[in-house]
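Each chain, written out:
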Amino acid sequence: MLQIMVDIDSDVPLFTQLTDQIKSAIASDALLPGTKLPSIRQLANDLDLNNKTVAKAYRLLERDTVIQSKGYRGTFVHPDAKQNCGQDINDWISAEVQKLVGVLREGGATDSEIRIAFTNAMNK
Amino acid sequence: MYLLLLIQCALLSWYLPALLHKRMRRVITEYPPSDFPLLYPKEEHEYHAFHAKFLLMNRVAFVAGMVVVVGLMLLGVNVMQEHWMMLPWGMFMVQMVPIMIVEASEFNHLKALREQNKSSIRVAGMQSRGLKELVAPSLFIGWITSFLGAILVVAWTDNFEFAFLGDAYSTVLIVVIMNILGYLYLRWLLSGKRLDPYQDPEDKLRYSKAVTKSLMFLSIAVSVFMAVTRVLDVTEAQYLQPVLMTFYCQIIAYGSITTTLRGVKLEDINFDVYRQSHKV
Chain H
1 MLQIMVDIDS DVPLFTQLTD QIKSAIASDA LLPGTKLPSI RQLANDLDLN NKTVAKAYRL
61 LERDTVIQSK GYRGTFVHPD AKQNCGQDIN DWISAEVQKL VGVLREGGAT DSEIRIAFTN
121 AMNK
Chain Y
1 MYLLLLIQCA LLSWYLPALL HKRMRRVITE YPPSDFPLLY PKEEHEYHAF HAKFLLMNRV
61 AFVAGMVVVV GLMLLGVNVM QEHWMMLPWG MFMVQMVPIM IVEASEFNHL KALREQNKSS
121 IRVAGMQSRG LKELVAPSLF IGWITSFLGA ILVVAWTDNF EFAFLGDAYS TVLIVVIMNI
181 LGYLYLRWLL SGKRLDPYQD PEDKLRYSKA VTKSLMFLSI AVSVFMAVTR VLDVTEAQYL
241 QPVLMTFYCQ IIAYGSITTT LRGVKLEDIN FDVYRQSHKV
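Protein sequences, first through last, are from chains H and Y.
Each step along the first sequence adds one to the number in this note's numbering, with nothing skipped, and position 105 is 105.
Each step along the second sequence adds one to the number in this note's numbering, with nothing skipped, and position 124 is 124.
If you're looking for bench data, these hints aren't it; they were derived computationally from the structure.
Heads up, a few of these hints could be off.
Listed below are the simulated DSS-like cross-link pairs for lysine-lysine, each with C-alpha atoms no more than 27 Å apart in a straight line [as the list claims (entries may be wrong)]:
| no. | chain 1 | residue 1 | chain 2 | residue 2 |
| --- | --- | --- | --- | --- |
| 1 | H | Lys70 | Y | Lys132 |
| 2 | H | Lys52 | Y | Lys111 |
| 3 | Y | Lys265 | Y | Lys53 |
One-sided and incomplete, this derived list gives chain H residues near chain Y with beta-carbon spacing under 8 Å [as the list claims (entries may be wrong)]:
| no. | residue |
| --- | --- |
| 4 | Leu2 |
| 5 | Ile4 |
| 6 | Met5 |
| 7 | Asp7 |
| 8 | Asp9 |
| 9 | Leu31 |
| 10 | Lys36 |
| 11 | Leu37 |
| 12 | Pro38 |
| 13 | Ser39 |
| 14 | Leu43 |
| 15 | Asn45 |
| 16 | Asp46 |
| 17 | Leu47 |
| 18 | Gly74 |
Cβ pair distances, simulated, as ranges [claimed, not checked]:
| no. | chain 1 | residue 1 | chain 2 | residue 2 | range |
| --- | --- | --- | --- | --- | --- |
| 19 | H | Asp11 | Y | Ile180 | 37 to 47 Å |
| 20 | Y | Asn117 | H | Arg41 | 16 to 26 Å |
| 21 | H | Met5 | Y | Ile180 | 29 to 39 Å |
Glycine included, each C-beta is placed from N, C-alpha and C at the ideal position.
So that you can see chain Y by itself, here it is in the shape it has in the complex (with noise of 0.2 Å):
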């Protein structure tokens, strides 16, 4: 368990912050603020601030994590019991904040676009952005079975009776609610105002299938994580909690931040629209 909570740390900590810092300094680095201007409505040296400020809080987040896990290591602590099942959820809270503020930074860099665009000119592609146009049948049908598995296995540890406010009934309201939470975020995301008044079509369809994906990937996760998490404790093996929810940590970070930014490759990106000179 020891073993797993370190590589929490170093993956959420280390390695996919490492990911994302490595993309923003190429970006700065290939298309730089005098080339492409209209990418960048700061001060350069704001931007290289911010990086430098992202990499310092999760090497914090690094330190700080691998502090309280050696810690309770050298200390005996047995944390393979149900109530240590908040641990690795805790420690993963600490671990998104940089990215959290990242992705908060990120609206308001898009929010600074729109206000510095006067442009008359709007340009939108004619491919429909709907479910079925984005994702495999594969990957709904995935989603689909899982949800629906999910509250077939919650049912069956209760016997099928979902006593009113039990934990089967709680827990089946967890998966339902955060999967239609996950749908309005995808139906906003896909055709809602537009965020980046330059993106090229190409690139909006592109970034929508990366991001449709990962929200799909991210529901299957929770489905599949709250109906194992109600098997285990029916079957009194709650001391697998934190094992469970380290897992489930890690695979939702690694694969939401992998599947975008696999699937916006930056040498994919038509940059050119950020150019002062760009004429739609």
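Bound-form chain H, shown alone (with noise of 0.2 Å):
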């Protein structure tokens, strides 16, 4: 059985760990497409945490299309998991923005414009 380990002392944020190694798990197919995954609440349990860091840690793998939930019947490894598990959305974030201040600074607008500009958007 695939055993899943955290260390609540370390400076990783336990979600964090969580869904690494749940991905990693997938990519060497320690955990196979289709698999059902335990409940938030079971897995919560087991690993003495709070009910909301290993919510947090399904979204993300949610959002990531790494698994995939069914409702009453339960969490599964999502179909694609294995190509999606590679990516990393914040590699995308990063790449998405650097693009855009490119593009900004290109039109002329000063770092401090594009600062205001993005904190207004994030304010709203």
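Need the complex rebuilt from these two chains, each delivered in its own frame; the hints are there to steer you.
Now the structure itself:
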């Protein structure tokens, strides 16, 4: 049985430890597509963590299309999980922001103006 | 009937406690505190004393049970009457006291393990522990069938009228409540708070399967028992109630204890997690 391990004293956030290990298990075929995962409550209680921590990890994995929730039937490894494991949404965010900043600078915007515009957009 | 009561004494106060006692002694002998200190938060002598007390309590219950049954036999009391149905049940309650004490002490033991555990590392298995994953479909179907069947049989005995707070109504209520309580306890056990902080996830899964099977078996027994009791009532065979009751007590005790013991064999348990040097 695949086992997952977290260190509560680590500097790495707990939900990140969970998502990294699940992605790593899928990438190495230790977890196959279609495999049913433990419920949030079961995993949180087994690891003695808050439900919200595990829920956040599952939410991020679902966002990255690594797992899929099927309501009362449970949560399963996504059929395309293996190819999605390698992708990091943060890399995509950085790449898009770099592109946009480049375009804005070429258009003559200063860094301060760009920063203010980002802040206003985030506050909306 | 006296023979059945004597068998109940022997089974519940001698044989089954002997199985439990043997297992407890095997654990402390083969996995002693010197090599597996994390398993024993208390002093070693306390465990030996507890084992001895458990054996003594059962022997006392056995002798007391035998005295009662032989006494009734010598007095020529006819126990094949409806109001004697509580005799096997009363004996059962007394016979279960030592086992309930063991269960309670187990919870205290697990609490002591949790308080002792200072490790920052937490481990869990990535296998879902739902009912579908833990029991065979046939057992699950048997549980549902016995539950619905019991309700139907009881309803039939009342010509499907169900007078409010009548006998049939009360019987169905008991069947429903017992099954719901069983289901809720099972849910808590399967996905509730982790009781043993060191337990290997594989052992947790094995234990969950054994307990689920045992609880399902108990639920089926309750449903069948309540239905048969009701049938005996309406067919004026109440004199068989004591026989039914002693059978029921023996079956549930034997079934639940041996199912759990067989499902979680000592040879399959990973005791290395209780070594001081164990690193995850």
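Hint-by-hint comparison with the structure:
1. H:Lys70 with Y:Lys132: Measuring from Cα to Cα gives roughly 16 Å; hence the hint holds.
2. H:Lys52 with Y:Lys111: 24 Å, holds
3. Y:Lys265 with Y:Lys53: 24 Å, holds
4. Leu2: Hint on H:Leu2: holds, closest Cβ of chain Y at ~4 Å, below 8 Å.
5. Ile4: Cβ of H:Ile4 sits 5 Å from chain Y, so the hint holds.
6. Met5: 5 Å, holds
7. Asp7: Check passed: Cβ of H:Asp7 comes within 5 Å of chain Y, closer than 8 Å.
8. Asp9: 4 Å, holds
9. Leu31: Hint holds; H:Leu31 Cβ to chain Y Cβ min 7 Å, cut 8 Å.
10. Lys36: 5 Å, holds
11. Leu37: 6 Å, holds
12. Pro38: 5 Å, holds
13. Ser39: Given a least distance of 6 Å, the restraint on H:Ser39 holds.
14. Leu43: 6 Å, holds
15. Asn45: Given a least distance of 5 Å, the restraint on H:Asn45 holds.
16. Asp46: Check passed: Cβ of H:Asp46 comes within 4 Å of chain Y, closer than 8 Å.
17. Leu47: 4 Å, holds
18. Gly74: Hint on H:Gly74: holds, closest Cβ of chain Y at ~6 Å, below 8 Å.
19. H:Asp11 with Y:Ile180: 37 to 47 Å: 46 Å, holds
20. Y:Asn117 with H:Arg41: 16 to 26 Å: 21 Å, holds
21. H:Met5 with Y:Ile180: 29 to 39 Å: 36 Å, holds
Comparing the model with each numbered hint stated earlier shows that all of them hold.
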